[in-house]
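Q: Sequence:
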Amino acid sequence: MIKGESNMKKEREVVLSISILMSGRKETRMCLESLVPLMESIPCELILVDTGCDEDTRSILEEFTDIIIPFEWCNDFAKARNVGLERATGKWFMFLDDDECFEDLSEIIEFFQSGEYKKYRSALYKVRNFKSYDGTTYTEASVSRMTQLYPNTKFVNSIHEALNPLYGPVKLFETYVKHYGYIYNSQEELYSDCKRNLSLLKEETKNNPYDLRMAGLLLQEYKRLQEYDLGTEIAKSYLEKSNEPRFEGQKIDDKIGSFHAFILETHIRKYEYKECLEYGKVALKDKRINDVTRAFIYRTEVVSSYNLKDYDSVLKSFNEYIKLYDRMANNNEALYGQTFVLTSEVFEDFMYRQVVSYAMIAEFELGKEDILRSHFKKFSWDNEECFMAVRFPDALMTYILGQENSEDYSEYIEEIIKRKGYLGRVVRYVEDLEKKLDEESAGEESDDKEDLEIKFNRAVRVLAEVENTHWYFIYMSVLNYKNNRDKEVCIKNIKKLFACVVDIFNLNNKVWDILAEVEVPFEVVVSNFDFAKWKLGIERWIEHTTAEDVEYKVKLTSKWRDNGDLRYKYFDFKVKEAAVRYADKEDIYFEDYERKVFDFANAVNEYCVKVYNEEVFATHREVLPQEEILSLKLLELKNLRLNNSNEEVLKNIKDCVGIYEPFNEVIKVYVQKLGDYIVENDKAYQEQLSIKEELTQITDALKLKVREYIENGQLVEARVVLNQIIQCVPTDQEAKEILSMIE
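The numbering of the sequence shown is our numbering, which starts it at 4 and goes up by one.
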């Protein structure tokens with residue numbers, strides 16, 4: 004059906020011939036299917052030039068047309084295009100690439116159906132060159148790809164081929180094709196493509212040394228390869244050539260602009276901002292340049308002056324750029340014939356945003372905000388790639404926090420945080436400010452501290468006005484209680500904060516101070532906490548807290564910790580764990596340290612008794628948490644200590660090591676302190692040690708006597724002495740071994 008409609012019946016005159024070079028790209032079907040509405044609406048023919056498709060691609064081509072012309076590739080795009088052109092029989096001719104597809108052809112369909120095409124001799128449609136397959140970022144350019152067919156119509160140039168001649172009047176379409184050919188999966192892929200293009204372009208410029216179009220396209224490849232020095236030499240040589248008499252009277256303003264643009268871009272890429280400004284003055288004096296080139300020069304002046312911190316000059320150049328932007332950016336007729344490679348992007352969204360953002364920052368530095376007010380809302384901030392100056396979010400925040408009425412600027416923050424990455428930038432900016440304030444607050448009063456307090460309070464006020472579900476903005480809303488004193492709103496915000504934050508105990512203590520001040524009933528705030536989330540939050544806090552912070556949180560939560568809820572039991576044993584883990588091990592008395600150890604053991608056991616049944620404790624202790632297995636051991640030691648069985652404690656405590664890794668250091672310290680305690684306080688134990696030492700000396704002397712008896716053959720006497728040693732010291736293995744040898 005498509006095939007028949009595309010080629011039309013013999014009796015119908017072909018109005019439009021469509022020709023495409025087919026090389027087997029993955030977009031082949033998408034490309035051809037996008038043409039179906041056009042082929043179904045007007046008499047047309049589809050001519051496909053096969054430059055090396057495989058069988059699968061060939062079968063796709065055959066679904067759409069019978070006119071498939073094989074062509075042996077010879078590194079000459081014009082020659083391949085001319086094969087399709089020579090086969091064309093339509094009144095008009097149109098071409099595109101096989102990695103392009105039309106989005107909406109209704110404008111072109113109307114152009115032919117209405118007969119409007121009879122008023123024009125050629126036409127341009129647009130190409131959107133996408134930078135990613137999701138279609139979020141692209142550049143756009145109008146291209147001359149449609150013409151009435153004349154006997155002398157042909158393609159020229161082996162690469163970046165073009166129709167020649169083209170006559171006016173010219174129709175400028177808003178219709179565009181989506182082009183994916185400039186998306187590269189790697190730098191190697193890009194490099195390979197550029198090298199191929201370079202070889203063909205060098206051959207073209209060698210054969211046609213005065214072809215400014217080919218020279219400009221050559222510079223485009225050097226830019227993609229970032230070979231700026233070599234490209235600059237070529238640009239300067241062609242600028243010199245362009246002064247020769249052969250170019251007098253020719254329209255070369257668009258090409259000349261590209262050579263100037265490359266030199267300016269080179270200075271910027273090499274951070275030569277003063278040199279860029281100097282060359283810009285030279286370029287502006289070139290009477291052959293057009294307004295698009297002037298706009299490009301003003302854009303480079305903005306960038307250079309910004310980096311030189313000459314903010315007045317930034318604004319002066321910005322005003323010149325924006326005049327041209329407002330007149331030309333969305334006016335196809337004004338742009339027609341003025342753009343070429345390099346300068347064609349000067350009004351693209353990414354470059355416009357860059358220029359405006361530099362100008363806004365310059366105004367911020369000068370204490371102004373006119374451009375912020377007039378241009379900010381023209382941007383679409385939810386675009387992933389909004390191409391703002393790197394400093395912009397920080398500069399905006401700095402400016403806002405310099406205003407007494409900071410909360411009036413919340414709409415700007417609401418917009419910029421829609422852009423990927425900017426929400427994090429805003430949060431980090433205020434977090435850094437808060438960190439500096441906390442550090443200053445730990446010291447003496449100072450002017451810096453007062454300034455930080457003012458700025459942070461302004462940050463609280465403005466972020467509290469921003470509608471966003473990110474936890475930090477809710478946190479700011481909680482802190483804003485200090486400004487609005489609205490308890491009801493504060494409690495609502497605390498609920499929101501606790502609902503989206505796992506590490507509630509790691510929240511800044513400013514929140515906890517407010518909790519205490521407004522007397523928030525924790526049963527209301529915490530009752531809906533998922534236990535797993537509660538548990539994870541406490542564990543994260545315990546791993547990074549301090550003894551002082553534990554004491555502070557325990558004091559604040561004293562009213563709600565004893566209500567019997569399982570979450571509070573878990574909190575209780577974890578704070579007791581922290582109390583002993585982070586205790587000052589050098590200065591704490593043994594009795595206090597031991598009490599903390601056993602308090603931990605009791606708290607763990609109280610929690611686990613509520614969670615696990617008796618059968619688990621009786622027969623399956625291995626499934627208990629490591630903390631509980633340790634606590635059961637510690638409770639056994641506690642009983643031994645109560646019975647003053649210190650030897651048994653020291654003997655059995657080794658079994659506690661390795662059960663719960665975070666407590667290994669605690670066990671080690673406990674053993675050391677217990678040993679010191681025993682040495683200092685247990686006189687009986689000291690006497691036992693003295694007796695044992697004396698006994699050891701006696702048995703050693705007796706063993707010497709035994710060896711003497713054995714050497715003299717007095718075995719009976721030796722046996723008597725050995726039996727005496729064993730009777731006094733039953734654990735003496737050496738005496739037992741000697742006795743067994745002589746019996």
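No wet-lab data here; the hints were simulated from the structure. Keep in mind that a hint or two might mislead.
[As the list claims (entries may be wrong)] Below, a list of computed lysine-lysine pairs in the PhoX-like style, where the Cα atoms sit at most 20 Å apart:
{"hint": "1", "residue 1": "K288", "residue 2": "K244"}
{"hint": "2", "residue 1": "K636", "residue 2": "K654"}
{"hint": "3", "residue 1": "K290", "residue 2": "K244"}
{"hint": "4", "residue 1": "K312", "residue 2": "K284"}
{"hint": "5", "residue 1": "K174", "residue 2": "K129"}
{"hint": "6", "residue 1": "K499", "residue 2": "K538"}
{"hint": "7", "residue 1": "K536", "residue 2": "K499"}
{"hint": "8", "residue 1": "K254", "residue 2": "K244"}
{"hint": "9", "residue 1": "K452", "residue 2": "K438"}
{"hint": "10", "residue 1": "K284", "residue 2": "K82"}
{"hint": "11", "residue 1": "K226", "residue 2": "K134"}
{"hint": "12", "residue 1": "K498", "residue 2": "K536"}
{"hint": "13", "residue 1": "K556", "residue 2": "K538"}
{"hint": "14", "residue 1": "K205", "residue 2": "K181"}
{"hint": "15", "residue 1": "K381", "residue 2": "K421"}
{"hint": "16", "residue 1": "K439", "residue 2": "K421"}
{"hint": "17", "residue 1": "K277", "residue 2": "K254"}
{"hint": "18", "residue 1": "K654", "residue 2": "K695"}
{"hint": "19", "residue 1": "K513", "residue 2": "K499"}
{"hint": "20", "residue 1": "K371", "residue 2": "K381"}
{"hint": "21", "residue 1": "K122", "residue 2": "K82"}
{"hint": "22", "residue 1": "K536", "residue 2": "K613"}
{"hint": "23", "residue 1": "K438", "residue 2": "K485"}
{"hint": "24", "residue 1": "K239", "residue 2": "K174"}
[Stated by the list, open to error] So the derived label-pair ranges between C-beta atoms look like this:
{"hint": "25", "residue 1": "E625", "residue 2": "G424", "range": "46 to 54 Å"}
{"hint": "26", "residue 1": "E113", "residue 2": "K284", "range": "42 to 50 Å"}
{"hint": "27", "residue 1": "D137", "residue 2": "F250", "range": "22 to 30 Å"}
{"hint": "28", "residue 1": "N188", "residue 2": "Y555", "range": "22 to 30 Å"}
The structure presented is a predicted model; accordingly, all values stated were derived computationally and were not measured. Using N, Cα and C, we set each Cβ at its ideal position, and we do this for glycine too.
Q: Compare the structure with each hint and give your call.
A: Cross-check of the supplied hints:
1. K288 <-> K244: With Cα atoms ~17 Å apart, K288 and K244 stay inside 20 Å; holds.
2. K636 <-> K654: 12 Å, holds
3. K290 <-> K244: Within the cut-off at roughly 16 Å; holds.
4. K312 <-> K284: 19 Å, holds
5. K174 <-> K129: This hinted pair holds, its Cα atoms lying about 12 Å apart.
6. K499 <-> K538: Holds, at roughly 19 Å.
7. K536 <-> K499: Since the Cα atoms of K536 and K499 sit roughly 15 Å apart, the hinted pair holds (cutoff 20 Å).
8. K254 <-> K244: Given pair K254, K244 holds - Cα atoms ~15 Å apart, limit 20 Å.
9. K452 <-> K438: 12 Å, holds
10. K284 <-> K82: 43 Å, violated
11. K226 <-> K134: 16 Å, holds
12. K498 <-> K536: 15 Å, holds
13. K556 <-> K538: 16 Å, holds
14. K205 <-> K181: Status violated; Cα separation ~28 Å.
15. K381 <-> K421: 14 Å, holds
16. K439 <-> K421: Between K439 and K421 the Cα gap is close to 27 Å, so the pair fails against 20 Å, i.e. violated.
17. K277 <-> K254: 31 Å, violated
18. K654 <-> K695: Holds, at about 18 Å.
19. K513 <-> K499: The hint holds at about 16 Å.
20. K371 <-> K381: Status holds; Cα separation ~19 Å.
21. K122 <-> K82: At roughly 30 Å apart (the allowed maximum being 20 Å), K82 and K122 break the hint.
22. K536 <-> K613: Cα-Cα ~19 Å, so holds.
23. K438 <-> K485: 19 Å, holds
24. K239 <-> K174: Given that 20 Å is the threshold and the Cα spacing comes to 35 Å, the pair is violated.
25. E625 <-> G424: 46 to 54 Å: 48 Å, holds
26. E113 <-> K284: 42 to 50 Å: Taking Cβ atoms as reference, E113 and K284 lie about 47 Å apart, which means the hint holds.
27. D137 <-> F250: 22 to 30 Å: Since D137 and F250 have Cβ atoms about 44 Å apart, the given range 22 to 30 Å is violated.
28. N188 <-> Y555: 22 to 30 Å: Violated - the Cβ-Cβ distance for N188 and Y555, about 54 Å, lies outside 22 to 30 Å.
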